[in-house]
Amino acid sequence: MGVPQVNDRHTTAQELSARAAASLAGGRTQEAQNLFAEAAEHEAAALAAVPTDRIRTRSVLAVSVASLLYKGARLDEAERAIFRYLAPGEFEGWADTQLRELLHVVSDERLLMNTLARRYTGENITVSLRGGEIGAGTGPLDLILEKATAFRSLLYRMAEWVGSYPLRHRGLPPKDLQNLVQARATEAAVGSYKLEIRLTEPVQPRLFEPPRVQPAELSDRLFNFLECLTAGTSKDLEDLVPQSDYRKALLQLTRNIVPGGKRLREVGIYRTKNDRLQSVYLTDALPPRIREVIPKQELPSEERKSYRGTLRALHLDRNWLELALEDGGHIKCNTVPDMLDDVVGPMVNRHVLVTGPLRQKRGKSRLLVSEIELLDEE
Amino acid sequence: MTTDQELPELRSIKAPRHPGVSAAVCQAFSEAAEVCFARHHEPPRTSLQVTCVGVELVRSLKWSAPDETARRSWRNRDDATRDGAYVVSLAVVEHELGMVALSRADTRTGADYYVGKPGCHDLEEAFRLEVSGVDEGGPSDVRRRLKSKEDQAARGDSFLPAYASVVGFRQAAVLVSLVGGSTSE
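Order-wise, the sequence lines are chains A and B.
Using our numbering, the first residue of the first sequence is number 776, and each one after it goes up by one.
Using our numbering, the first residue of the second sequence is number 89, and each one after it goes up by one.
Misleading hints may appear alongside valid ones.
[Claimed, not checked] To give an idea of the chain A side of the interface with chain B (calculated C-beta under 7 Å), a few residues:
hint, residue
1, Q789
2, A793
3, T827
4, R829
5, R831
6, T832
7, V835
8, S839
9, L843
10, W869
11, Q873
12, L877
13, H879
14, S882
In case anyone wonders, no lab produced these hints; they're calculated from the structure.
Quick reminder that beta carbons are idealized off the backbone N, C-alpha and C, glycines included.
Just need the whole structure built from these sequences, with the hints factored in.
Dropping the structure here:
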């Protein structure tokens, strides 16, 4: 007897799914979710009609039901369906694997939705730390935390630039951006430590005030910026980020991610776009390049000076910082008003290089720090 | 090399001959393919360099110039390239391998097509079809994409056997290879 695989319910499910995909492409998210959920009901009925000895067919349909429930944002139902399909162990191995992967995603997204009322957008960026003290999925906690925090700071700044927010000198990013970025540690790969940065959006979009920052645009601009910095000219960079204050902030925050010394050799930044892997590699070749292109405010006639030392104290509201110099002495310097706390904050108690013009005040000269960067730590 | 045979018309790649492609999906995918071809070629016919499971062929594809509505609907170049590649791949698979789209089924990140001999009642003997489109690239881009699709199809969590197919629109080329099986199955 012919098995009614391509039965009416399956055909209806896939027609609804195709309509849902079109709705999604048209930005009608709620409509798309309803169609996917409706499709899931038909697909489940189609699966129930397929005899149990048709294992491949049933495997395909089981994955399809669970996927449709997931796309329809019926996360509880998706979870129950996956458990139900996995329990008897009747499906092919690839289907079991896909169902388990889906279960992880569903659990993860349900947690995100319940705790933050947000969902993942599918825009993911992988940050891979390699070389030096980094092993297979392991590494010094301080180094990993430092780079993860630095990358998050860069993403927030990028988001503020994309959203045309005024440049923030102090404090946290705007509230509506704070949940945009979710970082996850991923599985071990030989010789690297990977972090997956997943961009999120609100579950309930605001109809009359759409988000100022779209995750896809944020991801595109980040890669454009990093590619331009590593392979473009100064002019390309100026054209890409015409606002000198934002250009400086983005360059300084990128500098905080760039490896230096023997602890870390390379930071790889990846994403998949249109079925292709896009990658940017940050190495110790980048700091001189950043120094070259970073906007400078001093007059050309001013004498510039640099000091190396450990950043012991800073008070950005009062525009000063203090260095413990390598010879054991201490020096207090002024800072420019636009020194950013997310750039300088992570440098406290770290070895830094400060640079700027010497300014005279009441007969004494004092360094006005306009640039500060982390130095290699062995 | 076999030459000058005509591929099935794109708008005929639908149920009942292809049970896995509804009339609406066929219409949308055909429009997408025409928008992609129109960027690089002139209607009514384009000669396609087809390499199907190691056999090199030249095939003729008849298509119509897309109207303004279709061009506007498919402004998203990535979507047009992906969906246009599906219907062109199905036309090639039907003509060269005698298989039709039996079914479409959802996965977490999209949907898979399954192809097989006409008259199959289920997917027990089906092949999964892994499709990709390249809009602007040259021959090496199309080959590289095929390799990537083959690798993707061969992953441990995939339904096998599968055909990987890449359509290069500017290149007017279609590459189809088999992953994890033999055509005699």
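Structure-based check of each hint:
Given hint, A/Q789 at the interface with chain B, holds; its Cβ is 5 Å from that chain's nearest Cβ, closer than 7 Å. Interface hint at A/A793: satisfied, since its Cβ lies 5 Å from the closest Cβ of chain B, which is below the 7 Å cut-off. Hint on A/T827 is violated. Least Cβ distance to chain B is approximately 12 Å, over the 7 Å limit. A hinted interface residue such as A/R829 counts as satisfied when its beta carbon comes closer than 7 Å to some beta carbon of chain B; here the least separation is about 5 Å, so the hint holds.
Checking A/R831 against chain B: minimum C-beta separation of about 5 Å stays under 7 Å; hint holds. For the restraint placing A/T832 at the interface with chain B, the shortest Cβ-Cβ distance is roughly 4 Å, inside the 7 Å limit, so the hint holds. Evaluation of the A/V835 hint against chain B yields a held restraint, the C-beta minimum of about 5 Å falling below 7 Å. Here the hint on A/S839 is kept, as its CB sits about 4 Å from the closest CB of chain B, short of 7 Å.
Taking 7 Å as the C-beta cut-off, the interface hint given for A/L843 holds, the closest approach to chain B being about 5 Å. Restraint check, A/W869 versus chain B: the minimum CB separation of about 5 Å is within 7 Å; hint holds. At its closest, the beta carbon of A/Q873 sits 6 Å from a beta carbon of chain B; the interface hint therefore holds under the 7 Å criterion. Against a cut-off of 7 Å between C-beta atoms, the interface hint on A/L877 holds, since the closest Cβ of chain B lies about 5 Å away.
About 10 Å separates the beta-carbon of A/H879 from the nearest beta-carbon of chain B, more than 7 Å, and the hint is not met. Taking 7 Å as the C-beta cut-off, the interface hint given for A/S882 is violated, the closest approach to chain B being about 13 Å.
When each numbered hint is compared with the structure, violations occur for hints 3, 13 and 14.
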